[in-house]
Amino acid sequence: MSEAMRAAPTKPNRGYGRWTPLWFLAPAVLTLFLIGIYPTIFALVTSFRRYNITRPREGFPFVGFENYVAVLTDSTFWSSLLLTAKFYVTVLPIQVVLGLIVALLLHKPGMGLLKSLARVTLVVPLATTYAVVGLIGRLIFNRDFGVANQFLSFAGFGPVDWLSTPGGAFAAIVIMDVWQWTPFCALIFLAGLSMVPGEIEEAARLETSSKLALLRHVQLPYLLPGLTAVMILRSADVLKLFDMVFVMTRGGPGSATDLISIYIQRVGFRIFDLGTASAQAILLLIITIVISRLYIRLLYREVQ
Amino acid sequence: MTFLRLDNIKKNYGDASVIKGVSFAASKGEFVVFVGPSGCGKSTLLRMIAGLEDVSEGQLYIDGKDVTYEEPAKREVSMVFQSYALYPHMNVFENMAFGLRMAKRPEAEIRAQVMEAARILQLEALLERKPRALSGGQRQRVAIGRSIVRHPKLFLFDEPLSNLDAELRSQMRVEIAKLHRSLGATMVYVTHDQVEAMTLADRIVVLRAGLVEQIGSPTELYDKPANTFVAGFIGSPKMNFINAKVSSVSGTGLRLDHPALAGGSLGVDTPAAARVKVGDTVIIGLRPEHLTVGAADPVLSLTLDFAESLGGSTQLYARSEGEPVIALTAGRPELKPGDALKLGIAPRHIYLFDAAGLAL
Chain Y
479 MSEAMRAAPT
489 KPNRGYGRWT
499 PLWFLAPAVL
509 TLFLIGIYPT
519 IFALVTSFRR
529 YNITRPREGF
539 PFVGFENYVA
549 VLTDSTFWSS
559 LLLTAKFYVT
569 VLPIQVVLGL
579 IVALLLHKPG
589 MGLLKSLARV
599 TLVVPLATTY
609 AVVGLIGRLI
619 FNRDFGVANQ
629 FLSFAGFGPV
639 DWLSTPGGAF
649 AAIVIMDVWQ
659 WTPFCALIFL
669 AGLSMVPGEI
679 EEAARLETSS
689 KLALLRHVQL
699 PYLLPGLTAV
709 MILRSADVLK
719 LFDMVFVMTR
729 GGPGSATDLI
739 SIYIQRVGFR
749 IFDLGTASAQ
759 AILLLIITIV
769 ISRLYIRLLY
779 REVQ
Chain X
9 MTFLRLDNIK
19 KNYGDASVIK
29 GVSFAASKGE
39 FVVFVGPSGC
49 GKSTLLRMIA
59 GLEDVSEGQL
69 YIDGKDVTYE
79 EPAKREVSMV
89 FQSYALYPHM
99 NVFENMAFGL
109 RMAKRPEAEI
119 RAQVMEAARI
129 LQLEALLERK
139 PRALSGGQRQ
149 RVAIGRSIVR
159 HPKLFLFDEP
169 LSNLDAELRS
179 QMRVEIAKLH
189 RSLGATMVYV
199 THDQVEAMTL
209 ADRIVVLRAG
219 LVEQIGSPTE
229 LYDKPANTFV
239 AGFIGSPKMN
249 FINAKVSSVS
259 GTGLRLDHPA
269 LAGGSLGVDT
279 PAAARVKVGD
289 TVIIGLRPEH
299 LTVGAADPVL
309 SLTLDFAESL
319 GGSTQLYARS
329 EGEPVIALTA
339 GRPELKPGDA
349 LKLGIAPRHI
359 YLFDAAGLAL
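Protein chains in written order, with this note's numbering: chain Y, 479 to 782; chain X, 9 to 368.
FYI, nobody ran anything at the bench for these hints, they're computed from the structure. The beta-carbon is built from N, C-alpha and C at its ideal position, and this holds for glycine as well. Where hints are given, some of them may not hold.
Here are the in silico distance ranges between beta carbons for each label pair [to be verified]:
1. Y:S594 to X:G29: 30 to 36 Å
2. X:H159 to Y:A633: 52 to 58 Å
3. X:E175 to Y:L510: 39 to 45 Å
4. Y:L613 to X:E79: 29 to 35 Å
5. X:A33 to Y:A669: 44 to 50 Å
Heads up, incomplete: computed chain X residues facing chain Y, CB under 10 Å, no partners named [claimed, not checked]:
6. L60
7. V63
8. S86
9. M87
10. M98
11. M110
12. R154
13. S155
14. L164
15. D166
Selected chain Y positions facing chain X (in silico; Cβ < 7 Å) [as the list claims (entries may be wrong)]:
16. G624
17. E677
18. I678
19. A681
20. A691
Bound-form chain X, shown alone (with noise of 0.2 Å):
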């Protein structure tokens, strides 16, 4: 069933169109991120579902409600922020308390929601303290405690995470995720953290400059990205893209002509053959760790310009025409700079695309 819908959305600031017509609907319970790079228009987008932007064109639905024009407040979403914006007046039990109180709610049934959300999130000893006495892991508990204090029925989160280090990211993007399972709630994420998205998210929105690419499972959008943009975006580090010549088409198999390919070519199956023409380019998607060191019949034939080592793993950059090649191998091969490379990788991991980018 669709709890939240978004009706060709759009919005325009003067001349300059931000978000250019997204639609997508989401089911009761799902946990929704939209994730793009700096610019793409996520934030804006959560914050019109949010209310605090106005919409442009086009309509939103909560729980088969047009709350379009609705006031935020009357929405009953709650947005955690990246800054974790906590009334600085207010001691921790106030902050949570806050949006109870507006709403008139009877003193007992607030103590009784906000000690439930401290115990959830283990804020009990803090609920005297001011959020300067508050580390940012516990500012960020804070936050989300008071939006789960008034039982919304849309958690918003705009990259709640970023202002955190490291270690406490993924403690807190655990805590999420457990949190989400609890309360069963619909929940739409933030974040220009790919590692978020995957780990989150039941679906992926990847956003570009104001349009959606592709929506699907994080396990969809790594197995058949629709185009170059997806398949960059996800997977660290980003996949592998080598533009090849078609050399002879036959049937559903391809032959693909490319200086970086071990003997200068490449034999593919698709059944997307017959799309293409002897003389276009396609592109060759490869991801760094489908790639494999020293096999037996090689793809790539590239020489080895640096290695990385990560203690368990090692990412080797290999010299190529454009972008350097990089392949992440188990272990720590015996290589040095200078040495030939020569990749393999199984011909279910190969990512074919047209010269427009989009999967073939």
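With the rest of the complex left out, here is chain Y (with noise of 0.2 Å):
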């Protein structure tokens, strides 16, 4: 056989060459690139420039570390951050332990019918936009017509001015955030409590009657790693908590709820000073990074 017949079969497809794959991975790769990663190098890349939107006679000059230096030492934004942190730590516990006493509820068995029902109304919360929580918070803690205040006066209180007192806007944006992240954390939990094998479970009903030990024994290495993915991602989640707080409190009143998110808006769109933002936002970024590699070091186990 000569080579040129060989080499017949192989001649060039219209259909498809060596680009073809590029053609179809283009569109995600474009879409991607544009809406992730450009901004995250602008930002990085505004971050070491002064780059007041307001001031553009001045140019965009390159500055270095000027910009985190500002950060750093900026006192409002450590108490921005460090009420994240407690805006955090009182979300998160309240929403594990009311999810983990929804989750093993739902896992008793019978009453088929109800629980499916209550499994898909979980959903309700999670599909909601937080601008729209924002905005029935609003509607739950209005002063003179919410339904929170008509509930307290049928235990006999007088009304709460929610969201213009510090204390009751801050509440009130904790509040809005568990009703709409237990359910996730439900879900997540009741997807842990139904890997434990049954006779596994069975065996230790057999050794101890106390559902507590159960829990803490049985149970609980098939949750860990639920819990850490709540964790990772609530805590993205809340570091970068905007809309909702937004609608709702403006970040006010005062700095009652002035999240870190909440501030650097407050600096980039409001102020201008974008450069300042974007430093801001990376720090942002690494902490979040940090938070959540600690979290997978020091939580997460596999069971088997």
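Build the complex from these two chains, which are given one at a time in their own frames, with help from the hints.
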């Protein structure tokens, strides 16, 4: 057989070439680049420049770590971060405990129809846009016609001025966040509980009648991976939490609900100091990554 | 002395009745095996004794105490599961110690108990390992160890050997038998494997569709099966059944007609002859291992269909009207398919059942 004949079947195919896979990948990669990578790189570059768009005549000179130094010595930045941390450590335990209780109730045998109904209901808060949660929050915690005060009046308490007192506003955003995210914890824990093999649970039931011991020694190991996921996702989410709080309180009254993302937004889009805001955002990104790595290192254990 | 007593135990799932009234008593130190085809309710019955399933009706007593509605942990029973059910995140030591820890026993005692169990089961070298690093047989030994450290009143086994390969299965079977002898404990064991039932049991409870078919020692069940179900279930290969017609009754003698019988009929002596009349159907039961090839006065006259050599013995499949007749014979008879097969049997090995399948 001649060389020419052997080469014949490999004549160019118009429908498929070596670049074809690239064309299929291109839209996704391009989108990712445009909405993910480009802004991040832009923020990174901007964070090293003086970049105030209200003063374009000064140009956008490269200033090295000046913005970072400014941010790290800015007491408002630190107090916002501290407030965010306070918010996180307030909402997370509530969500984990309530979520676990809901998951344990849903894990109990019996009442099939009601349980599947409850499981579907759990998705509703998760599917609600943050801004809408904020709007609902504004209605619930309205001083004059909100249901929160209506319920308090049933219990014999006078109206509370939720959104215009510092404590009330913080409590209000905590309650709305718990409302929105407890179902998420419940679903994650429910998945964890259903991972426990039935016979292992039964073996433990033969050795102890304590439900708490069963939870601690047999079910908890299956819940830890889920708990880690909840902690990582929630910490990332709380650090970027913006819409719900912005709609409800705009960070006020005073700085009572001035979470870090609201502060960064104010620096970037009220003062238009994009350089400083970018430096803050990059620091936030670093904090998120460090916290996530810590959780994974300290908590995450595969059961099998 | 009765140690475990089941009093008309029933289990319903909605309208479906799974256990339809089982009564049974076992004395202390007895090894009882529940055996039956899948779906007969034997595992459900065991789980009710453990307390893992609610009892729908009836009473359950362990060591003289009514435990029908007692919590599983308070019944002082231990159970070995088919899937071993070891705690995956604990090592072997912790797996065995868990029950004692939950009972808040002193650490020194826990240590002593676990080490003792590990010694009995040869697990000393594996105490630090996690279950995933163990083989099936080792896992099963840990599961057994976990149940013996607590010194329960009652050991329950739910098909503990079905996940093991054949060799390991017979090895573990011997170990369980030894364990029973050395502990002297009362054990209830569920299996669908009649070899396990025959070799381990002091008494076998044969279950079918939620009802007890027969209770007795392995040899009783083999020698005097109460009905065709038990007769077919106990023994391997299973008993051959021939539906014959009664042609004459005289005193204690019966004459039974069937084309497979040598000469078309068979005369048997039975004290139950008075209970049948001419024209009735009588089922003749013949165990394959009792049939002899080339007997002087054959009982069956058949044609060989197929022969399976097992090395030391040969299984012969003979053509018959219904199910093929199976004979198990020692050695390797010089027979080929199509050959005439004359099978004999000692008269005392002939089982007779009435048309409903009950022993005559």
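To see whether the hints hold, each was checked on the structure:
1. Y:S594 to X:G29: 30 to 36 Å: holds, 35 Å
2. X:H159 to Y:A633: 52 to 58 Å: Given a distance of about 55 Å, which is inside 52 to 58 Å, the answer is holds.
3. X:E175 to Y:L510: 39 to 45 Å: About 56 Å separates the Cβ atoms of E175 of chain X and L510 of chain Y, which means 39 to 45 Å is violated.
4. Y:L613 to X:E79: 29 to 35 Å: The hint (29 to 35 Å, Cβ to Cβ) is violated, given that L613 of chain Y and E79 of chain X are roughly 50 Å apart.
5. X:A33 to Y:A669: 44 to 50 Å: This hint holds: roughly 45 Å between Cβ atoms.
6. L60: holds, 5 Å
7. V63: This interface hint is violated because 16 Å lies over the 10 Å limit.
8. S86: Constraint on S86 of chain X satisfied, holds at 6 Å.
9. M87: holds, 6 Å
10. M98: Interface hint status for M98 of chain X: holds (8 Å vs cutoff 10 Å).
11. M110: holds, 4 Å
12. R154: Since the shortest Cβ distance to chain Y is 8 Å, the answer is holds.
13. S155: holds, 9 Å
14. L164: Holds, because the Cβ-Cβ distance from L164 of chain X to chain Y comes to roughly 9 Å (cut-off 10 Å).
15. D166: holds, 9 Å
16. G624: violated, 47 Å
17. E677: The hint holds - E677 of chain Y has a Cβ within 7 Å of chain X, the shortest such distance being about 4 Å.
18. I678: Status holds, d = 5 Å.
19. A681: With a minimum Cβ separation of about 4 Å from chain X (threshold 7 Å), the hint on A681 of chain Y holds.
20. A691: holds, 6 Å
The earlier numbered hints that this structure contradicts are 3, 4, 7, 16.
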